[in-house]
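Chain order of the listed sequences is A and B.
Converting from the first sequence to our numbering requires adding 548 to each position, the first position being numbered 1.
Converting from the second sequence to our numbering requires adding 548 to each position, the first position being numbered 1.
Warning: the hint list may mix true and false statements.
The list makes no distinction among identical chains, and a pair is therefore deemed to hold if it is satisfied within one copy or across any two copies.
To be verified - Cut-off 30 Å, straight-line C-alpha distance, at most; resulting in silico cross-link-like pairs (DSSO-like, lysine-lysine):
no., residue 1, residue 2
1, 694, 608
2, 632, 873
3, 784, 759
4, 608, 597
No wet-lab data here; the hints were simulated from the structure.
2 protein chains.
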Amino acid sequence: MVVRQAQVFRDKQDINLLTGHCAEKIDPDRQTVSGMTLAGDRFEFPYDKLLIATGGAAIKPDLAGFDLPGVVVLKNLADGRKIKKLLKSKGIKKAVIIGMGYIALEMCESLVGLNIAVDMVKPNPVFLPWLEPSMAQVIQTELEAKGVGVYAGHAVELIDKTADGLQVKCRGLTLAADMVLVGIGITPCSRIAENAGLELSTNNSIAVDRKLRTSDKNIYAAGDCADAFHMVTGQKTWIPLALRANRAGWAVADNVIGKHASLDGVVGTSVFRVFDYEVARTGLSLAEARKAGFEAVENSIQSSSRAHSYGVGHPIWVNLIGDNKSGRLLGAQIVGKEGAAHRINGPAVALHNRMTVAQYSQTDLAYAPPFGPTWDPTLTAANQLLKKL
Amino acid sequence: MVVRQAQVFRDKQDINLLTGHCAEKIDPDRQTVSGMTLAGDRFEFPYDKLLIATGGAAIKPDLAGFDLPGVVVLKNLADGRKIKKLLKSKGIKKAVIIGMGYIALEMCESLVGLNIAVDMVKPNPVFLPWLEPSMAQVIQTELEAKGVGVYAGHAVELIDKTADGLQVKCRGLTLAADMVLVGIGITPCSRIAENAGLELSTNNSIAVDRKLRTSDKNIYAAGDCADAFHMVTGQKTWIPLALRANRAGWAVADNVIGKHASLDGVVGTSVFRVFDYEVARTGLSLAEARKAGFEAVENSIQSSSRAHSYGVGHPIWVNLIGDNKSGRLLGAQIVGKEGAAHRINGPAVALHNRMTVAQYSQTDLAYAPPFGPTWDPTLTAANQLLKKL
């Protein structure tokens, strides 16, 4: 989300930034981009090098009632403003969130903070499917303790308007709401690239190489519209997150001016906060690892955010996934009220280096009583996983 | 610090744990340990494999007055109990701490928390010499804001007893105190090893190989008495810290029963809290790196513990040290009120893998607004250091 005025780009960076210009077509042979302005004038610009940074768009299912007023998504600044306006203008007392990913969970926390009753619903019966089940249960219990209704396993069929507001009709369940937030993920905005004949990749993202070049050497793509190499699987992946998007933008700028930037890839690190909990992951989940062909084994442990000698800490749970064949560390998940978020970076750096679980278990991590036990919880988890490998 | 009753070892683990037995001599040829009990009886035990785990001892300078009542050190449980008793029995209003390492700083925080006025003094005029100067200044300013007197650059000459209490007489400075804590570091308890003809190493620690064997193949050493390989320099080092000590103990146990455990080494990661600040380091400081023969360059940056969009965060400072020849990352230091302690583990794991600064700058670290900016502060620091290499 760029929170900067267009004029800044024009004045400070000498960029001819044209808002209100809808690009419709890329002609790779003639090296032009054409489209129409909001005023209805057609335009065509030539390029030497082109960057596609069209981002992603929130997914709205093609079902009845999803176009009703009060049904919203949250992807960009305009969406956020629309939600804020809705919350102000109407007495929103009850919200239904469709989806249980981290945007859905972060919005859940925000809405509960505004004293709005929240129900969450999704078709998959498993709450956070990528997370080790007992750790996912910790988060679900937290949500329910905050009064949130968690309805996993109910496919949404339609949204209805009633005299009182909205009704989300699901298989075996009807939920009333003043506002419905659809948070079921995003899809890459790759249509213009596809129409130009550029190669697409996983989830219809635009395929790019390590230099962020598409299948046309004069066209780059970066941000949520483009794919990346996953450094654990070695395969292409599409994980639309801010750091990669930002890093890819810089790399394209370097490449366009001849600096030859090359990006290794991602390991799939992400983190979010939901109420009092930090939830962090990196690498592959057990299911993802098995799907990628690894002989994957996982093991979760409970430790503490502080040393026993240092007053009351909080439980911290760590799940590590390893490959039984190579011994490689494949992924990590951490949940806790403190010390969970930043702790994921040790395993993340380990994944970049293809460390084995045994090698990771030997790393010299920080210890002091206010910050954890002598053995960092990720090390205890590694020691325990080693017994299973 | 083992907080467990001797009887537990005897009952649960079938270990013939003998307290009150002072081991005085190792005879490596006859494979015996001999000494005297507190009751005055001599003993001698044979061994197949021997572990020396004598730890370290607090250093007390050989100067007048350091044996006065009210002059204390803090290394073991008995020291802690002595200090607690002193604090209870006497109306301690003013303490002088000699030394400014992390034990000295942690004790400073504890004493100030008990409403005791604290002055700190040491000979070196540089406050935290291993820390980038502007970051060290942040901590010194914090101490002074809490009312602590920080007197760096004053060699202590003696401690005097006066009618009121104690006087610490330094070059150009006299400090009054009811209690004096000597926190100038520890020394390895290696005399018994030295007398047995075992090879000593840096700081007179006991030299051990990766299997924790001393120069005698039947004798192991582990804990604060033993040295380690430093994975950044490749040289031997002596950094007495809890994780390595604990890990080495386990490894010896494995080796004795024939499991062949081998420890890679340490990278010198440590962390402490002082008042509101977390201070973390890993690897080499600029001076240490230059001393080790690297063409070392450092660069420090200031970032934030939260994203700008997420309310008020705290400043977080990161200093990275890199090698101009190889491009390798050599060390990292982080200071801040939140998110500093655990953030050091990413660079620590990078050091284990001999990553270059460029490689580290490409790592996929966690981002969410409550936990930092899109670019983790350590990544921003890496990007900036790259411009200097």
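Original post:
Which of the numbered hints above does this structure break?
Top reply: Result: hints 2, 4 break, sorted rising.
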